[in-house]
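> For reference, the chains in residue letters:
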Amino acid sequence: MNFANTLGKVIDISHSNLEIASRINAILNIVSGDLLFEEVLVYTLDKDRRLSCRFMNRSSRLFDLLNDYRSHVGEGVVGTVAQKRSPLFFTSRDVPPRLGCLFYAGLDDVLPRYRVFAFLPLADDSFLYGVLLAGSSSKEAISSDEKVVLSILSRELGGILRTYDLLLSSKKQITELATLSELGRILTSTMEPHAILENIALITAKTLNAWFATIKLDLAFIRFDGQRFTSGTIASPMEGQVLDLENEALRLGQPVFRTDARIGEGSSAPPLFLFAVPIVAKDRILGTITLCLKQEEQRDIADDQGDRYLVNMIANYISSGLENVLLTIKLRDALRELGDAQRRLIENEKMRSLGEMMANIAHEIKNPLVVIGGFTKRLAKTARLDENEGRYVDIITKEVARLESILNEILNYVKEAPLLFELCDINNLLDEILYLLASDKTWAHIKITKEYDAHLPFALCDVQQIKQVFINILMNSFEAMRGKGTITVGTEQTTSEEKPFLAVSIKDSGGGISPAVMDNIFNPFFTTKEKGIGLGLAISNKIVTHHGGDIEVKNKPGEGALFVVYLPSQSRTTKEG
Amino acid sequence: MEQIRILLVDDEEHIRLLFKEELEEEGYSIGLASNGFEALEMLKVGEFDLVVLDIKMPGMDGIQTLNEIKKVNKEQRVILCSAYGEFKQDFSSWVSDAYVVKSADMRELKDTIKNVLGV
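Order-wise, the sequence lines are chains H and G.
Residue numbers for the first sequence follow this note's numbering, beginning at 599 and rising by one.
Residue numbers for the second sequence follow this note's numbering, beginning at 754 and rising by one.
Treat the hints with care, since some could be wrong.
Stated by the list, open to error - Cross-link-like lysine to any residue pairs, in silico, SDA-like; alpha carbons within 20 Å at most:
no.: 1; chain 1: H; residue 1: K979; chain 2: G; residue 2: D864
no.: 2; chain 1: G; residue 1: K809; chain 2: H; residue 2: L616
no.: 3; chain 1: H; residue 1: K975; chain 2: G; residue 2: E774
no.: 4; chain 1: G; residue 1: K773; chain 2: H; residue 2: T974
no.: 5; chain 1: G; residue 1: K809; chain 2: H; residue 2: N965
no.: 6; chain 1: H; residue 1: K804; chain 2: H; residue 2: G838
no.: 7; chain 1: G; residue 1: K809; chain 2: H; residue 2: V969
no.: 8; chain 1: G; residue 1: K773; chain 2: H; residue 2: R976
no.: 9; chain 1: G; residue 1: K809; chain 2: H; residue 2: T1086
no.: 10; chain 1: H; residue 1: K975; chain 2: G; residue 2: E861
no.: 11; chain 1: H; residue 1: K769; chain 2: H; residue 2: L616
no.: 12; chain 1: H; residue 1: K975; chain 2: G; residue 2: E765
no.: 13; chain 1: G; residue 1: K809; chain 2: H; residue 2: N1006
no.: 14; chain 1: H; residue 1: K1154; chain 2: H; residue 2: G1108
no.: 15; chain 1: G; residue 1: K809; chain 2: H; residue 2: M955
no.: 16; chain 1: G; residue 1: K809; chain 2: H; residue 2: A978
no.: 17; chain 1: G; residue 1: K863; chain 2: H; residue 2: K645
no.: 18; chain 1: H; residue 1: K1039; chain 2: H; residue 2: A978
no.: 19; chain 1: H; residue 1: K645; chain 2: H; residue 2: A978
no.: 20; chain 1: H; residue 1: K1039; chain 2: H; residue 2: T1086
no.: 21; chain 1: H; residue 1: K975; chain 2: G; residue 2: V798
no.: 22; chain 1: H; residue 1: K804; chain 2: H; residue 2: G830
no.: 23; chain 1: G; residue 1: K773; chain 2: H; residue 2: P966
no.: 24; chain 1: G; residue 1: K863; chain 2: H; residue 2: R976
no.: 25; chain 1: H; residue 1: K770; chain 2: H; residue 2: P966
no.: 26; chain 1: H; residue 1: K979; chain 2: H; residue 2: I994
no.: 27; chain 1: G; residue 1: K863; chain 2: H; residue 2: A978
no.: 28; chain 1: G; residue 1: K773; chain 2: H; residue 2: N965
no.: 29; chain 1: H; residue 1: K979; chain 2: G; residue 2: E765
Think of the hints as simulated: they come from the structure by calculation, not from any bench.
Take these sequences, add in the hints, and give me the full structure.
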């Protein structure tokens, strides 16, 4: 036998460009043919440090039997060789039954056929990659030359397996790097936050070949359109299991998994693997990322390696980026609120400066107007005018009077008058006002219903101003009903933020207020009346606000409007005491 | 019978003219001042039964002038007459004997003058 020739072929193949598995299989066939071993098998070391029979020569019969069980390092002959990293050689006389492993029951019948066995470790100086098993039925013994050849072969095979390992792990690392770089790209993109989260779920699911990947945010502090972002479909029977697992991961602050997740009760499908990892930012848990993997991936992930490591890494990697995304949302919310507040402020400021400007203009106009009106009147008195001239002067006088009353309203609106507070019995005040109004004959067809609280406390208020408020509202009601209908005036006690208030309600049957009018009802210079300049309710609102109260308008379209005036109330005994 | 003397204080020339003509028609004797300082000077030299005082004036406004007048002579009768209606509710305007909102319709002012003078 020309061993040099055999080794030459083996080295040629070992250094070829063939697939790793093809290289190993080809070498095993050469060994089988050239050295006359019917069985040439290679065990490899799995990630869980167990040995499984992975490669065989073409004519092997033992492969199927040995492939049934993965032996531990140290278990049986194969395990012993792996543990001691030294070869063992046997003849049929001294080979241990079942190769020293009870689980190989199928070997009982076939093992006696073989006369010699060789077991060699596949290792380099530092790592063990597997075990080579060779068996022959035709040889009486294995010569020392053959042992040397087998030893060289096993070194060569060890080298190929090491390359294989390196290739696998570098492939994995490339995948991981690609995934992380993709995630990084997404996290730093200008995508909308929900699109970012959806994409993270998608990439995670794709990378790990998962049934689904779902990100759930656990953030009360943020307003967000939705809290869950899923790639794939969570079958409805699994929803509960997913939620439970997510909650557990949140509670423990560490990854949790279950291997018995099922799509349905009594389903014949194999159980699925569910894995939930908390997404932890600097000082808080932002949420969870949960994966559902098919059965064949289960082994790796359950063993705290590989994919599980990758999921953890993804969770860590996205946490800071995700926090930024969430802070962006929070910032956006805050900015929007700030913008709203600013708009309101500007609106108020505009109203205020507009008011001041108007007061100045009104004042400047008032004086010349008085002069015009005053001298016109003098003209009317002293000059001899014909009928037309007299009419013209009369018109000027009337228009001046109208302008004056407008200016008076404006000047009254914009200047804040100090309040003259006194204790006031609001029921009495209302009676007084209603008596005055009702005694006018235009009120003849107005029915007034009173619903007073007899024990109403006093209000501390500027009676003249508050009187103006009630008159304004009652006149509005009167005009809304066009002089005919029912006005219901009621009083009651109430509280707002634990402070005592009294509420005066004035309800009319005037058909209500249209929504467009409703929005502007307290705006100065807004009016629906042909006469009037719209300051009545604006002034009323201002007066009540100065009193620390509020006016509420409730509209009942088709029926009427309800105005409720809230004023801070005093205890009934204050005045008497 | 001696004529009743009224001092009109207003920074607007035409208002002074209008009020003067209207009030002279009523039989009053009218003195004119265009600001608070002038008014105080005139009150030093001459006696007036009544001062009709505008509020918004440059330099010393009507309320300040009113206080100065009352400091010198608590009995001096003063009517405030301003375009601003809301000063009626201002405590500081209470020192005056009356308050009239300026208007082309002079009846209110004339009635108030009569009331204050008790004629």
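> All the hints need checking, so say for each whether the structure fits it.
Going through the hints against the structure:
1. K979(H) / D864(G): holds (19 Å)
2. K809(G) / L616(H): violated (105 Å)
3. K975(H) / E774(G): holds (12 Å)
4. K773(G) / T974(H): Judged against 20 Å, a Cα distance of about 15 Å means the pair holds.
5. K809(G) / N965(H): holds (11 Å)
6. K804(H) / G838(H): Distance of about 24 Å is beyond 20 Å: violated.
7. K809(G) / V969(H): holds (16 Å)
8. K773(G) / R976(H): Holds - the C-alpha atoms of R976(H) and K773(G) are around 12 Å apart, at most 20 Å.
9. K809(G) / T1086(H): Distance of about 44 Å is beyond 20 Å: violated.
10. K975(H) / E861(G): holds (15 Å)
11. K769(H) / L616(H): With a Cα-Cα distance of about 17 Å, the restraint between K769(H) and L616(H) holds, given a limit of 20 Å.
12. K975(H) / E765(G): Judged against 20 Å, a Cα distance of about 19 Å means the pair holds.
13. K809(G) / N1006(H): Within the cut-off at roughly 15 Å; holds.
14. K1154(H) / G1108(H): Distance ~10 Å between K1154(H) and G1108(H) Cα, so the pair holds.
15. K809(G) / M955(H): holds (16 Å)
16. K809(G) / A978(H): At roughly 29 Å apart (the allowed maximum being 20 Å), A978(H) and K809(G) break the hint.
17. K863(G) / K645(H): Outside the cut-off at roughly 112 Å; violated.
18. K1039(H) / A978(H): Distance of about 34 Å is beyond 20 Å: violated.
19. K645(H) / A978(H): Cα-Cα ~115 Å, so violated.
20. K1039(H) / T1086(H): Within the cut-off at roughly 19 Å; holds.
21. K975(H) / V798(G): violated (34 Å)
22. K804(H) / G830(H): holds (10 Å)
23. K773(G) / P966(H): OK: K773(G) and P966(H) at ~16 Å, within 20 Å.
24. K863(G) / R976(H): holds (15 Å)
25. K770(H) / P966(H): Measuring from Cα to Cα gives roughly 91 Å; hence the hint is violated.
26. K979(H) / I994(H): Satisfied, since the Cα-Cα distance of roughly 14 Å is no more than 20 Å.
27. K863(G) / A978(H): Measuring from Cα to Cα gives roughly 18 Å; hence the hint holds.
28. K773(G) / N965(H): Holds, at about 15 Å.
29. K979(H) / E765(G): Violated: K979(H) and E765(G) sit about 23 Å apart, past 20 Å.
Hint violations for this structure: numbers 2, 6, 9, 16, 17, 18, 19, 21, 25 and 29, all remaining hints satisfied.
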